[in-house]
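Dock chains B, C and D against chain A, hints included.
4 protein chains.
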Amino acid sequence: MSKVDKLKAALLGATGMVGQRFVKLLENHEIFELSVVAASPMSAGKKYRDAAHWCIEGEIPEEIGEMKVVKASLEDVKREGQIDFVFSALPSEVAKTVEAEFAKAGVPVISDASAYRMEDDVPIIIGEVNPDHLEIVKKQSRRGWKSFIITNPNCTSNVLILALKPLQDQFGIKRVLVSTMQALSGAGWFGVTSMEILDNLIPYIKNEEEKVEREALKILGSFDGARINPASFKISASCHRVNVLEGHTEAIFIELEAKASRDEVAEAMRKFKGKPQELNLPTAPEKPIIVRDEEDRPQPRIDRYAGKGMSIVVGRIREDPIFENGIKFIALGHNTIRGAAGNAVLNAELAVKEGYI
Amino acid sequence: MSKVDKLKAALLGATGMVGQRFVKLLENHEIFELSVVAASPMSAGKKYRDAAHWCIEGEIPEEIGEMKVVKASLEDVKREGQIDFVFSALPSEVAKTVEAEFAKAGVPVISDASAYRMEDDVPIIIGEVNPDHLEIVKKQSRRGWKSFIITNPNCTSNVLILALKPLQDQFGIKRVLVSTMQALSGAGWFGVTSMEILDNLIPYIKNEEEKVEREALKILGSFDGARINPASFKISASCHRVNVLEGHTEAIFIELEAKASRDEVAEAMRKFKGKPQELNLPTAPEKPIIVRDEEDRPQPRIDRYAGKGMSIVVGRIREDPIFENGIKFIALGHNTIRGAAGNAVLNAELAVKEGYI
Amino acid sequence: MSKVDKLKAALLGATGMVGQRFVKLLENHEIFELSVVAASPMSAGKKYRDAAHWCIEGEIPEEIGEMKVVKASLEDVKREGQIDFVFSALPSEVAKTVEAEFAKAGVPVISDASAYRMEDDVPIIIGEVNPDHLEIVKKQSRRGWKSFIITNPNCTSNVLILALKPLQDQFGIKRVLVSTMQALSGAGWFGVTSMEILDNLIPYIKNEEEKVEREALKILGSFDGARINPASFKISASCHRVNVLEGHTEAIFIELEAKASRDEVAEAMRKFKGKPQELNLPTAPEKPIIVRDEEDRPQPRIDRYAGKGMSIVVGRIREDPIFENGIKFIALGHNTIRGAAGNAVLNAELAVKEGYI
Amino acid sequence: MSKVDKLKAALLGATGMVGQRFVKLLENHEIFELSVVAASPMSAGKKYRDAAHWCIEGEIPEEIGEMKVVKASLEDVKREGQIDFVFSALPSEVAKTVEAEFAKAGVPVISDASAYRMEDDVPIIIGEVNPDHLEIVKKQSRRGWKSFIITNPNCTSNVLILALKPLQDQFGIKRVLVSTMQALSGAGWFGVTSMEILDNLIPYIKNEEEKVEREALKILGSFDGARINPASFKISASCHRVNVLEGHTEAIFIELEAKASRDEVAEAMRKFKGKPQELNLPTAPEKPIIVRDEEDRPQPRIDRYAGKGMSIVVGRIREDPIFENGIKFIALGHNTIRGAAGNAVLNAELAVKEGYI
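Protein chains in written order, with the working numbering: chain A, 664 to 1020; chain B, 664 to 1020; chain C, 664 to 1020; chain D, 664 to 1020.
Pulled out of the complex, with its shape left as it was, chain A reads as follows (with noise of 0.2 Å):
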């Protein structure tokens, strides 16, 4: 595709670790140019590249790195020309605000913000999960806006929920139990710091546990043309911070409705695809869920990045006779490409191939 047929997109809170790895995954994109970078009033009017902190692999794209960074508004964006969409980093009590700012003004918002994802006529989106939510945005009209939102799940969510999916689809879910081991770049850059984490580890990340049981639910449950029906199982979870850069490691524990051996578990992950693999969406990894023999692995350092840190890796699959049905094993996805940036670039896929955008 030429630049010049290329949708353009906005990325307000774009100097954070998530507005990073936007803007890598925007390097290059197929169908889509990052156009304006949007942040804080404290960044707006410095260079992207001096505003910035930049602390992700590879350089800053020399294009982006040159740009002005404006106030994440409306009227602040919309001033830079004509923009398709946008792409929201920002912190959930600036969302609320912003984000419906653009949706009522007619931009879609693709966001990796909490601050709407539970409003029930807001869909969470995984493309190879919940695609078919996606039609509930019709709903945000009643709010007088004239686009609509769509969000991402919480980073820790969407690796539990990927995991999870096929096991929901082959098996039925009765009760999940999952304690995190969460790197540190979930925090941003600021989140913690060093004093308080070499040689330990912080049993406790505030909100998460709450979000992480809301999500899985909401995510996996049915939408029946009206409302989404969350899903009926159990869910549980511990959330821990660990000295580890980036990958969220999670310790699954599934009671499910039906028996499933190990191999028929692993046989379900492995063959398991969704829209954005029939679709051929440019940032859909080949496979979502990546299964590994090794008795050691998914380890964070060393799987992270499969599929591009689109793929979750799960390994130590076994089964487990605390619950009549149970099954046990470890998932770890890259929190933030799969658990944010890279899952809203495939929602804003998916959003444009089925015609939203």
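Hints should not be assumed to be uniformly reliable.
For chains that are exact copies, the list does not tell them apart, and a pair is met inside one copy or across any two.
[Claimed, not checked] PhoX-like, lysine-lysine: derived pairs with alpha carbons at most 20 Å apart:
hint: 1; residue 1: 897; residue 2: 837
hint: 2; residue 1: 971; residue 2: 934
hint: 3; residue 1: 759; residue 2: 801
hint: 4; residue 1: 971; residue 2: 759
hint: 5; residue 1: 897; residue 2: 922
hint: 6; residue 1: 936; residue 2: 801
hint: 7; residue 1: 687; residue 2: 971
hint: 8; residue 1: 669; residue 2: 934
Simulated from the structure, these hints should not be mistaken for laboratory data.
What follows is chains B, C and D alone, placed relative to chain A:
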């Protein structure tokens, strides 16, 4: 007690990390005197100072540093003079033969090795949990042994079981799921290379899950005078290594028999005491379980030395709707003190007080 | 000394990391009693326990934990009752005004802040190195001050200067190059984020090289009764942050005036003592410099608490043909004890013994 | 170049960390094909995939993963078919015999081992620094060898020497002091245990300082057609291990012959190019030295992959009054790419282009 009246102990496996903890705990011990340090043939003949790669806080006790290491065999240890009992921190494969040799010859063995743990006539003792199991050592005479072996649980089991005991007593337990974040020292000095763990975690520890699942049921089982009947609840473990020097952290999910509120659980743990506290044993912590109310504790670097490493620390107690009477919390304990050398020293103190040594 | 006879000290900047070290060092101090804890307006009014984010080993002393924090101003501190002097761990920009306020009002200030270090009439004291410089505080009366300020060197300088002192005395120094590997705590709790230092190092510490280069010459200079004449050798520093909690390690290359063998250097350091040792001051370590012969020491995690954090540890002394009389070695010291709070407490003890307080 | 025309290389020591880097660098190489992987007898007979404990980024190239590892001996390698030359990443003690065996039999050896580095007739080559030293390999025929050995410098030397070369050429060098902060990978997978380096550093690396001091002078020496005359400046190294995966950082202090400003030094480094750039060799980085102006760079995690790991990165260039013409700066390079496998591949490319292979 004057030095001449102290019980003389030999330490088998004195040079390793757990061996070093024994050395420190026995420095100025009220009733024990470390009189022989024994290790592998490679170390035999060297000064302890030169044989041990000292790696724990504090200095080698001057007198021990100058002691000559002997080979960990009955013959070599006996040649050094009269001893009253031995502590064993031997590798399991060596322990099998060597510990039996001592027990047969009439020397009590207080062991941290796993070799004999699951034998029917060998107790795994946590002083606060199952001191009554001690009596089963009498059955070991059927082996033709003049004395006996008392074992320690695995370090991860130890922390878990201490946390479970007051709940078992007061509310009953139906099911336990535990997901661990274990310290490097659990694998020994050479166990984990720096290249494999930096910016990483390893979601697998060989044989650990099996040990935790088996040992907990035996220790929390009941001794009927003839044999130990394992507890009948179900248990499932997922064990993981993280980049922390000392201190195992465990996320524990429990289905109780009877309903218990968050506060009732905290209260049961806080008031929990056992025989070591009753008998005022030298190594007994004042509180076996310390409950913290901060939202982000326990943390290994900060809490591992609670009760001089002999208390476990519990935090984040939450009611958990995943089960009818669900409860979840975080527990942490020092893996080479409470989880190894300290527990063994406490066992020896108990065995003395109860007349076994 | 009964509590009633102890000198009463206020601590300005009590909640930060150096403040916490002061609190610990003054717990059960022989001749000082911490009677007021003062900090920023944000902390004022809270209990110390709630205001301080306690992050060093050991617990907050019970009594201090319950103390109310007051604002770090003369007025607020005085309102709490009579004090004999203040310790200051204030940020430099605040220290400039507040410390002067106390000195002017007749309250001696023992400061760890850098604000006044390079003033002509203010001494930077290391008890073992330049106790005679104390006398220059008398000149501060020209400022219209009824009392005086005594300062500490920067933490990196402190370690370096202690190592240099016996060499300067015995062999003379022509040139010093120092390359540091500094601990995280030197930057304070929030100074270094985990994301910037994991699997990384930062080869830059703002203003540090300048401080080291200036302060060393002043402290090793001579006081002629009127002024301090800086030492005349040359010094160059390169300062770097590494992923270590506490303990600054320094690779030091020296051109001596006179030839000295490896053994002569070791001997000079080993026998080195100063006024604090002569006067048997409570916080004085028995040996200001501990020389180790192992080929791989000193190491921060293992050696930082030598002499309760008040000794520096030197190792790997080698003759160095790069210079005619070249010598190189590694020195290590605890940056928040010897390099900060501990040095200040020692200075206060010295000032009392010498009649200044 | 079609695969059939590529030069066939055997790789000795293929399973270690440097061996793995060779495997990655030779994947899809323009003119070389890796046709034999050889290692210790313990690995021989296994698939490469099973013999190597793969630990670097990216996957094992499919074809190599399936290759059978042979014993690293002339006989075993030859049995696999015709080869044009060998790369050696053997341990030094093995390299002494095995490399000679190949050279004697007419197979050129491009080695990363230290065994032959300091032999008079063996060059240590950095393509950008001393390509003219290659010619000395002709002298090796006196050993009765039909072919020759070309060696790599030690990884630490490599970074240092690249930084020194433009300064030597343009300003002359009198004295160099270097203090290193070296990555874990330099010690190999099992070289540093996690327990010794977490919250720590080790201020000693066996034999490293001697290697750096000797090799730099040889490589920066002049070849007069008969022998290499070492450079005559003085050099002193202090070498330290820090908790970083890859990338050696070096604080370098230099006394130049002629005055040079900060900008002149930066300019000399920026414009520096060598034969590999002239000849446009496949593995040559566009810029051997990248100079950064930020005050806190280079940093290993961020800068080690500059120029695909073949560029060194220099920052913090400062004039240094410690010497008449003093200059100091920080240099960083990827120790297993530029410092090992990458340099060897570049040497092989150079040797081919210059007609030696």
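Here is what the structure says about each hint:
no.: 1; hint: 897 x 837; verdict: both (6 Å within a copy, 18 Å between copies)
no.: 2; hint: 971 x 934; verdict: within (19 Å within a copy, 35 Å between copies)
no.: 3; hint: 759 x 801; verdict: within (19 Å within a copy, 62 Å between copies)
no.: 4; hint: 971 x 759; verdict: neither (31 Å within a copy, 42 Å between copies)
no.: 5; hint: 897 x 922; verdict: both (18 Å within a copy, 18 Å between copies)
no.: 6; hint: 936 x 801; verdict: neither (26 Å within a copy, 61 Å between copies)
no.: 7; hint: 687 x 971; verdict: both (12 Å within a copy, 18 Å between copies)
no.: 8; hint: 669 x 934; verdict: neither (33 Å within a copy, 39 Å between copies)
When the structure is compared with the earlier hints, violations turn up for hints 4, 6, 8 and for no others.
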